[in-house]
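2 protein chains.
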Amino acid sequence: MASSTVADFAALRTRYRDRYEHELFESVIPFWERHAPDPEHGGHFNNLDRGGAVYDTTKHLWMQGRLVWMFSKFYRTVEARPSWLAMARSGMDFMRKHAVRPDGRVCFSMTADGRPVYLQRKIFTECFYIMALAEYARAAEESELLREAYELLETMWKWAWDWTKVGRPAYEGQTPSQALAVPMLMLNLIEEVAGDDFGTYRAEVDECIRRTALHVHADTQRVYEIVAPDGSCLDGPEGRLTTPGHAIEAGWFLQHWAQRLGRPDVQKQALDMVRWSFENGWDKEHEGIFYFVDAEGYSPVPLEWSMKLWWPHCEALYAHLLGYFLTGDAGDLAAFEAVDRYSFERFADPEYGEWFGYLDRQGAVTHRFKGAPYKGCFHVPRALWLCLRLLDEQPAWHS
Amino acid sequence: MASSTVADFAALRTRYRDRYEHELFESVIPFWERHAPDPEHGGHFNNLDRGGAVYDTTKHLWMQGRLVWMFSKFYRTVEARPSWLAMARSGMDFMRKHAVRPDGRVCFSMTADGRPVYLQRKIFTECFYIMALAEYARAAEESELLREAYELLETMWKWAWDWTKVGRPAYEGQTPSQALAVPMLMLNLIEEVAGDDFGTYRAEVDECIRRTALHVHADTQRVYEIVAPDGSCLDGPEGRLTTPGHAIEAGWFLQHWAQRLGRPDVQKQALDMVRWSFENGWDKEHEGIFYFVDAEGYSPVPLEWSMKLWWPHCEALYAHLLGYFLTGDAGDLAAFEAVDRYSFERFADPEYGEWFGYLDRQGAVTHRFKGAPYKGCFHVPRALWLCLRLLDEQPAWHS
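If you read the sequences in order, they're chains A and B.
What the first sequence shows, in this note's numbering, is residues 1 to 399, in sequence order.
What the second sequence shows, in this note's numbering, is residues 1001 to 1399, in sequence order.
Do not rely on the hints blindly, as some may be mistaken.
[Claimed, not checked] Pair by pair, the computed Cβ-Cβ distance ranges are:
1. A:PRO229 / B:GLY1104: 50 to 60 Å
2. B:GLU1296 / A:ALA364: 43 to 53 Å
3. A:GLU26 / B:PRO1302: 29 to 39 Å
4. B:ASP1206 / A:ASP283: 34 to 44 Å
5. A:ASP283 / B:THR1057: 23 to 33 Å
6. A:ASP230 / B:HIS1022: 43 to 53 Å
7. B:TYR1374 / A:LEU261: 43 to 53 Å
8. B:ALA1218 / A:ALA364: 49 to 59 Å
9. B:HIS1022 / A:ARG19: 20 to 30 Å
[Said to hold, decoys possible] Cross-link-like lysine to any residue pairs, in silico, SDA-like; alpha carbons within 25 Å at most:
10. A:LYS122 / B:ALA1080
11. A:LYS165 / A:VAL182
12. A:LYS284 / B:GLN1362
Bear in mind the hints are in silico, worked out from the structure with no lab data behind them.
By construction, the Cβ of each residue, glycine as well, lies at the ideal position given by its N, Cα and C atoms.
With the hints as constraints, model all of the structure from the sequences given.
Right, dumping it as structure tokens:
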């Protein structure tokens, strides 16, 4: 199958390894180290302007959890720098002191000093908190926190399939449906909490793999964001909606399980998700990956559908590199290189560090800030770190 | 004050009257008459593709109420065509049969056959329902419905200043604030329900005028979307946010009350709101009015901030023409003509009727549909109808 040779992979390493390392350790991480910490109340600011100035002191907890996870991960897997663990600890302390409520719900946003501003009727904040808790527990060697992460994972499993449990109302006219976000999030959460010790979650992992597959339709080569409970397509714009970056991210979440479980069928499905979503999501006119695409060519209803966001490109970098690493397929390599070129030309900001987050369809920066309610220390460093890990290994087709 | 002459206004009428009449009666109204009605379940579809095909059968109730209001208004003020009253009646029957709940809340979206899909934690659907009810009651001469509209207006007055009453949770860390949307909506709602019989609402109107004024800051010549209860500026992106189209719309709502009450001070404030918002909102590089602008030049957080939406341009057409009608000021005329030129070049669609709703910053159409969850039979026909009304009168500076 593999059309590439070990020499090809060595050449790839030469082209990318140092550049990614430099980007991660000289541009991205220092940006957050310098500008995120709140010296007064602890925890981290996430709303940072181009150069790092805080333009809004509101703390968004998705971002707090993700930063803690990222710095704990670096401490454990890259280098045990005390300053990295301290970054993680500060965010973890802030969350545990202020954001986690007695009923297990976690605030979406808070004032700088930790008073609640908003609580979402979704469970994402909780999931990012649990990821942070598990990774921090391992980094700081606090087994009590790891036990807590396992307990909360059980709660999430109950909430994930029925959001009325977290106050999301249900109405009679709603179409029964399933969002890709839920099984993919649970796949990642189980990986992060349990890792290789997933034995007791085997049934849950299989269930998530089964549910993810419902969104992947070979006949249209589309990954639908929302499907009927039996996997069939729904009518209307929601049913036709695809989010290429999301499907690509779900693809590599699934690929990690395919490798861990040794399941070639799942490996193929994960590759399909990534390849089809890139093919359907890449803007042939202006380059870059669309935020949303209607599977039948209608105008997607979200106003920002044609914008180019940083995170789908981060996900695509790693997903395609992983595909190439596993298969040696020239198409995966070409996709990786196209996304790399676009991202480093458009999103990277060598002058101030980190990446811009939002471009218009033509690729011009529309928002100069580096951090926002939904952009923090997460997608860029995670993708660079994951790619670096791969580039330091021998590809699967090495022999 | 007036730099214009009666001859100038006559020339303006020559340039615009027939074109606007043609646009309203040959392009916009026929589009909705042909494509909106649901022959099976009654009421109207609002999610219509460029040529009018229904791309989503979900009925969004903001749009249902607004269409009923618009066709009732045409029936009463333009021509008593039975088909127009029938359009209004069909929407009104659908709403009363399915959307209005026993507690006074009105569904935001429903299936085509009237089963609830979603209920917002905001009171806009209710307000558009009441506007529809009042105007339809007058058109159909059903005094019982008008009495009901008056009763619901009382309820809205209670809900408007405290949305926790409709299930919107309040959190300790929220900054006390007031949104421009609320007093402006109440100003328009009282105008629509009570009209010239506003005697018993005099105190409420004065209170809305007072609250609107809190958003209008002469020192920065900005109209802030959200301010502290005493009118001072709030920190952060929310406090710096301006929505030029919204402020321009609020400006003409206020101007109607200034004229009705004979208040030159309010007339001046209403003119300021429109002129400053246009000055700050007009894109000097690519033309058109931005959706959102940060008062201090930061990147607005909403992803779609730099897009050009149809409705701010509709509001600006009428607000500037009204300003010119009242003052004869050449600046108001120039603004009106700039918005007219941009709108008819970019939004109008002579081929299929109605206007496109969404353009990118450069002015290219991003969404081909004519109707959507937030775009229906409202801003375009209302603006054209209001402008036509003015063009048929003698300007204030006529003598």
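Consistency of the hints with the structure:
A hinted range of 50 to 60 Å is violated for the C-beta pair PRO229 of chain A and GLY1104 of chain B, which are about 34 Å apart. For GLU1296 of chain B and ALA364 of chain A, the hinted distance range of 43 to 53 Å is not satisfied, since their beta carbons lie about 21 Å from each other. Remark: the range hint 29 to 39 Å for GLU26 of chain A to PRO1302 of chain B is upheld by a beta-carbon distance near 32 Å. Checked against the hint of 34 to 44 Å, the C-beta distance between ASP1206 of chain B and ASP283 of chain A comes to roughly 53 Å, which is inconsistent with it.
Under the hint 23 to 33 Å, the C-beta atoms of ASP283 of chain A and THR1057 of chain B, about 30 Å apart, fit the expected range. For ASP230 of chain A paired with HIS1022 of chain B, a C-beta distance near 51 Å keeps the hint of 43 to 53 Å intact. At roughly 45 Å, the beta-carbon separation of TYR1374 of chain B and LEU261 of chain A lies within the given 43 to 53 Å, and the hint holds. Hint check: ALA1218 of chain B to ALA364 of chain A, Cβ distance near 34 Å, so the stated range 49 to 59 Å is violated.
Distance hint for HIS1022 of chain B and ARG19 of chain A: a CB-CB separation of about 60 Å, inconsistent with the stated range 20 to 30 Å. At roughly 49 Å between alpha-carbon atoms, LYS122 of chain A and ALA1080 of chain B are farther apart than 25 Å, so this suggested pair is violated. Between LYS165 of chain A and VAL182 of chain A the alpha-carbon distance is near 15 Å, which keeps this suggested pair within the 25 Å criterion. Pair hint LYS284 of chain A plus GLN1362 of chain B holds up; C-alpha atoms about 19 Å apart against a cutoff of 25 Å.
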